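> Spelled out, the chains give:
There are 2 protein chains.
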Amino acid sequence: MSVESVLRQFKEKGLRMTPQRAHVTKLLYEMGHPTADQLYCRLIERYPYVSHATVYNTLKLLKEHGLVTELTHSDRVSHYELAQAEHWHFTCKSCKEIFDMEAGEPGLPRVFSSLQEGFVVDGYRIEIYGTCPNCSKVL
Amino acid sequence: MSVESVLRQFKEKGLRMTPQRAHVTKLLYEMGHPTADQLYCRLIERYPYVSHATVYNTLKLLKEHGLVTELTHSDRVSHYELAQAEHWHFTCKSCKEIFDMEAGEPGLPRVFSSLQEGFVVDGYRIEIYGTCPNCSKVL
DNA sequence: CTGTTTGCAAACTATTTGCAATAAA
DNA sequence: TTTATTGCAAATAGTTTGCAAACAG
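Protein sequence lines correspond, in order, to chains A and B. For the first sequence, the numbering used here assigns the number 1 to the initial residue and increments by one for each residue that follows. For the second sequence, the numbering used here assigns the number 1001 to the initial residue and increments by one for each residue that follows.
Mixed in with the good hints, there may be bad ones.
[Unchecked claim] With beta-carbon atoms standing in for the labels, derived distance ranges:
id	chain 1	residue 1	chain 2	residue 2	range
1	B	Lys1013	A	Glu45	42 to 50 Å
2	A	Glu4	B	Ser1005	51 to 59 Å
3	B	Ser1051	A	Pro19	46 to 54 Å
4	B	Glu1102	A	Tyr47	46 to 54 Å
5	A	Gln38	B	Glu1117	24 to 32 Å
6	B	Arg1008	A	Ser51	48 to 56 Å
7	A	Lys11	B	Asn1134	37 to 45 Å
To be clear, the hints were calculated from the coordinates, so they are not data collected in a lab. As the structure is a prediction and not an experimental result, all values here were calculated from the model. Note that CB positions come from ideal geometry on N, CA and C, so glycine has one too.
Work out the full structure: start from the sequences and follow the hints.
So, in structure tokens, the structure goes:
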């Protein structure tokens, strides 16, 4: 999802636009999968006097309106990304970077048909972990 | 993995056995997928004067020796279980209970072949979420 | 104007750490 | 006896909350 698209949807949903919200959106796009704190640190470089609370509030708001996805991975720290088409994440255990990956075939939804009866599936989260190409070279 | 099997492996690996460690192991078996704190609360009912730190230390030790798996799901709180054969987890968004599920076909490892080249995969975590049979009935 | 959003600071929760006292082998 | 483990209390990290001041619509 592009920055413009998110900003447009803000208005369409009747939400107030503030400089802080615009900046958070722009940084999310630039940074990929930042944590709230990583985003906060970048934000105050260009726009001092922003608070942690505002970053969290904005991320929460964006998430509630389906414009942002919260990633909850094994480091127990939330990462955030602008909402995208279905895809998976690969976390490098060495450099900790998160990479977007195409969702695998044959696609998880079909896989779920094998689940026990009576369970209503809303979705799933998947985190694949290992070593990224850069770190593989170095080691 | 059975309680006895874990306790046996403790000795085999040259680790010291303590009452606390035995109790943590037994409770893990009984409780399924407790958080450290849930385990701690149950523990002090029967065995007062146990500390939080000991529970965390024991879980960490068991994990390092492959006897326990740490689950990092969307609630950002670690849950623990005795190590088992590959399986997936289903979290009910209503009652928050975690259910074990057979790993789906065709199995994730094969799915990974579609990932980009150069990434070395060690493993994956998956959390399926939705509504469990009990909560589906009530709603 | 009116109600929402902001910044601040304090509160909270899960987890980790330092260390003297204790217990396993 | 020797070394690892325990319990406690304080520290830490990420996130949330309460509230008066500032601002978007």
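> If you check the beta carbons of A:Lys11 and B:Asn1134, does the distance land in 37 to 45 Å?
holds, 42 Å
> Taking the Cβ atom of A:Glu4 and the Cβ atom of B:Ser1005, is their distance within the range 51 to 59 Å?
holds, 58 Å
> With respect to the beta-carbon atoms only, verify the hint that A:Gln38 and B:Glu1117 lie 24 to 32 Å apart.
Given a distance of about 28 Å, which is inside 24 to 32 Å, the answer is holds.
> Between the beta carbons of B:Lys1013 and A:Glu45, is the distance compatible with 42 to 50 Å?
holds, 49 Å
> Cβ-Cβ distance between B:Ser1051 and A:Pro19: within 46 to 54 Å?
Between B:Ser1051 and A:Pro19, where Cβ atoms are some 48 Å apart, the hint holds.
> Could you see if the CB distance from B:Glu1102 to A:Tyr47 stays within 46 to 54 Å?
Between B:Glu1102 and A:Tyr47, where Cβ atoms are some 50 Å apart, the hint holds.
> Honestly, do B:Arg1008 and A:Ser51 meet the 48 to 56 Å range at C-beta?
holds, 54 Å
Taken one by one, the earlier hints all hold for this structure without exception.
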